[in-house]
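Quick mapping for you: the protein sequence lines, in order, are chains L and E.
The first sequence begins at 59 in the numbering used here and counts up by one.
The second sequence begins at -3 in the numbering used here and counts up by one.
Everything labelled a hint here was simulated from the structure, so no lab data went into it.
Ideal placement from N, C-alpha and C gives every residue a C-beta, glycine not left out.
Among the clues, some could well be false.
To be verified - Straight line, CA to CA, 27 Å or less: simulated DSS-like cross-link-like pairs of lysine-lysine:
no.: 1; chain 1: L; residue 1: Lys103; chain 2: E; residue 2: Lys63
no.: 2; chain 1: L; residue 1: Lys105; chain 2: E; residue 2: Lys224
no.: 3; chain 1: L; residue 1: Lys105; chain 2: E; residue 2: Lys68
no.: 4; chain 1: L; residue 1: Lys67; chain 2: E; residue 2: Lys112
no.: 5; chain 1: E; residue 1: Lys224; chain 2: E; residue 2: Lys197
no.: 6; chain 1: L; residue 1: Lys67; chain 2: E; residue 2: Lys107
no.: 7; chain 1: L; residue 1: Lys105; chain 2: E; residue 2: Lys63
no.: 8; chain 1: E; residue 1: Lys112; chain 2: L; residue 2: Lys105
no.: 9; chain 1: L; residue 1: Lys94; chain 2: E; residue 2: Lys107
no.: 10; chain 1: L; residue 1: Lys138; chain 2: E; residue 2: Lys224
no.: 11; chain 1: L; residue 1: Lys67; chain 2: E; residue 2: Lys70
no.: 12; chain 1: E; residue 1: Lys79; chain 2: L; residue 2: Lys105
no.: 13; chain 1: L; residue 1: Lys256; chain 2: L; residue 2: Lys268
no.: 14; chain 1: L; residue 1: Lys103; chain 2: E; residue 2: Lys65
no.: 15; chain 1: L; residue 1: Lys67; chain 2: E; residue 2: Lys68
no.: 16; chain 1: E; residue 1: Lys174; chain 2: L; residue 2: Lys103
no.: 17; chain 1: E; residue 1: Lys224; chain 2: L; residue 2: Lys67
no.: 18; chain 1: L; residue 1: Lys105; chain 2: E; residue 2: Lys107
no.: 19; chain 1: E; residue 1: Lys107; chain 2: L; residue 2: Lys298
As the list claims (entries may be wrong) - One-sided excerpt, in silico: chain L residues whose CB lies under 7 Å from chain E:
no.: 20; residue: Gly125
no.: 21; residue: Gln177
no.: 22; residue: Tyr210
no.: 23; residue: Arg309
no.: 24; residue: Lys311
no.: 25; residue: Leu314
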Amino acid sequence: MCDCAKKHKYQGPDDNPYLPYLARVISVTLETPNIKSFQVVLDDKEKMSQFSFEPGQVAQLSLFGVGESTFVINSAPHTKDYLQFTIMRAGEVTSAFHDLSVGAQIGIRAPLGNWFPCQEMEGRNIVFVGGGLGLAPLRTLILHMLAHREKYKDIHIIYGSRTPNDLCYSKDLADWQRRGDIHVTLTIDREVPGWEYKVGFVPVVVGEAKLNPENAVAITCGPPIMIKFVLIELEKAGFKPEQIYTTLERRMKCGLGLCGRCNIGPKYVCIDGPVFTFAQLKALPDEL
Amino acid sequence: MPKLIPQNKLKDWLDNLAQTHEVWVPQDQDGMCVIDLYQAEREINLESRTRFSAKELVFPQTERLFKYKYEKDKDNPEHVSVKLQTENNVPKRVAFGIPPCDVAGIEIISKVFDDKGYKDPYFKKRREALSIVALGCQHPENACFCTTVGGSPSKAPGADILLTPVGDGYAVEVLTAKGQALIPNDLFDKLADVDAPDVEKAQQKAGKLLPAPMVISPSAQTAQALLKAFASPYWNEATAACLSCGICTFACPTCHCFTIVDEKCGRCGERMRCWDACMFPLYTLEASGHNPRLAQSQRYRNRISHKYSYMITNNNILGCTGCGRCIKLCPAGIDLRRIVEKLIPKSE
């Protein structure tokens, strides 16, 4: 056993995991009309250079006086000069984040939670299925795999959103499409003039893709209704539940497995997740 | 051999303890028996059951995690920085005269907050600063069922001193070094000894007053029973009357769910953690509008399953002390014992 678990566990200043480290926003990107990406840097330069996490791990970001919320770290693990988070304006904390400008100070408790077992995925064909902001947790893993491209076999990214304006990370998508060594399928729900890629819901596109389950792993994230039907399509294509990974969201407060609210049966999404295989989820009470 | 402290000497002991500790002791207030700070001029009440448990001594209803303050940089007033500040001092406390079920509650919360995985530094500090003088239970109430869940009305593992009512006084058994430090020699040297068999006899009395035990053990079998009953329609039937008021969680000695909120006042403020309740619909409501436990029956099922299944799986313990407060205080008359009896097969 490696000591990853220890290395990627949030300790906090003075061994107090409720205390955040301070960080500043260095860049804000408008992804879609209601989604922004924030690049942040820890105030403590040494902490920043030593900061390490695995793809899929999350952070508790706070604005003092407003509150704390959970977001996945979506920059690449090998990017050492900043951490990136993508936030949809939804509630009180996310709205306050959307009002931030470069230079604003925030609190960050990270890394928290488990991660995608990318070592176990080496030597296998990889299918990513994302919808809307669900591409955020996949992005870290995609960037990680692209940085170690030779370790993975075919990589196929299927990504969709309602309209072309709702696609996140358009620069990344363009980069990935330009690369010859991965396959990218983009789709939107309804036809729009000028759209040159697929039209149709993500699960339908997954069905049409005729995916080969042999020696493959599928990773999906998106709205729950999309995941539900993607799962049906993947199983139809022959994927077994243990070949399919997803990452869950739940309302969280502590992120430490103590405050009680994010459980599904005996498992806490904050410490036992957020990454689960569908085989693991099937063994849990139906409480999604 | 244990000493026997007569009723009329208790005050001397409490006054002595109050010189060095915050002493928290059951007393009557506004028609309720509550655990509160000992004050020499107030009567204490060791006869009644306190309305709420003693968990607030280690896990206060509201507690500051840290203070924050935004300040302008002197050299560059456009640059604003935030400073965080924590407190390290917690008061040295004695919980005096709390029943064994409340001691068990503190032990159970310790298993969650200070055992494996992430440790809660705020709880840890308060627990270390707390000494417990438990009082063996003399009058089990109708709702009491500590023996059912493996507890005892007269033993209190986790306490530092155990008092047992004997005649017109209390037998004082020192259980730990922390407890020994609470014994003022000049007072206790003058006290008479009490025979161990007499203490034992007194201890057995309370157990006989409790209902015949339906023993539920923290076994994998118990944990499985509730998982199996997860989809049972019985949950709807059993919890139809529930008002989601949350009193069962607030009164419970083991409920430890909390929320974290920021309180803001101009450029400074504080981050607080406060008791929360899994009975409230907002507890799991997500910003998207989705709520995984929207129905009251789902929330009640989670509460019972947490105590009688999930805590067995995660912490090897039952999360219930059998104090009966949730039964006594429930305005809808929901009786946890009926639900547990129906869904969990007897293990012995």
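Verification of the supplied hints:
no. : hint                : result
1   : Lys103/L x Lys63/E  : holds, 23 Å
2   : Lys105/L x Lys224/E : violated, 46 Å
3   : Lys105/L x Lys68/E  : holds, 24 Å
4   : Lys67/L x Lys112/E  : holds, 13 Å
5   : Lys224/E x Lys197/E : violated, 42 Å
6   : Lys67/L x Lys107/E  : holds, 20 Å
7   : Lys105/L x Lys63/E  : holds, 22 Å
8   : Lys112/E x Lys105/L : holds, 26 Å
9   : Lys94/L x Lys107/E  : violated, 41 Å
10  : Lys138/L x Lys224/E : violated, 47 Å
11  : Lys67/L x Lys70/E   : violated, 36 Å
12  : Lys79/E x Lys105/L  : holds, 17 Å
13  : Lys256/L x Lys268/L : holds, 15 Å
14  : Lys103/L x Lys65/E  : holds, 22 Å
15  : Lys67/L x Lys68/E   : violated, 33 Å
16  : Lys174/E x Lys103/L : violated, 44 Å
17  : Lys224/E x Lys67/L  : violated, 33 Å
18  : Lys105/L x Lys107/E : violated, 31 Å
19  : Lys107/E x Lys298/L : violated, 37 Å
20  : Gly125              : holds, 5 Å
21  : Gln177              : violated, 23 Å
22  : Tyr210              : violated, 32 Å
23  : Arg309              : holds, 5 Å
24  : Lys311              : holds, 5 Å
25  : Leu314              : holds, 4 Å
The structure fails hints 2, 5, 9, 10, 11, 15, 16, 17, 18, 19, 21, 22 (numbered hints given earlier, in ascending order).
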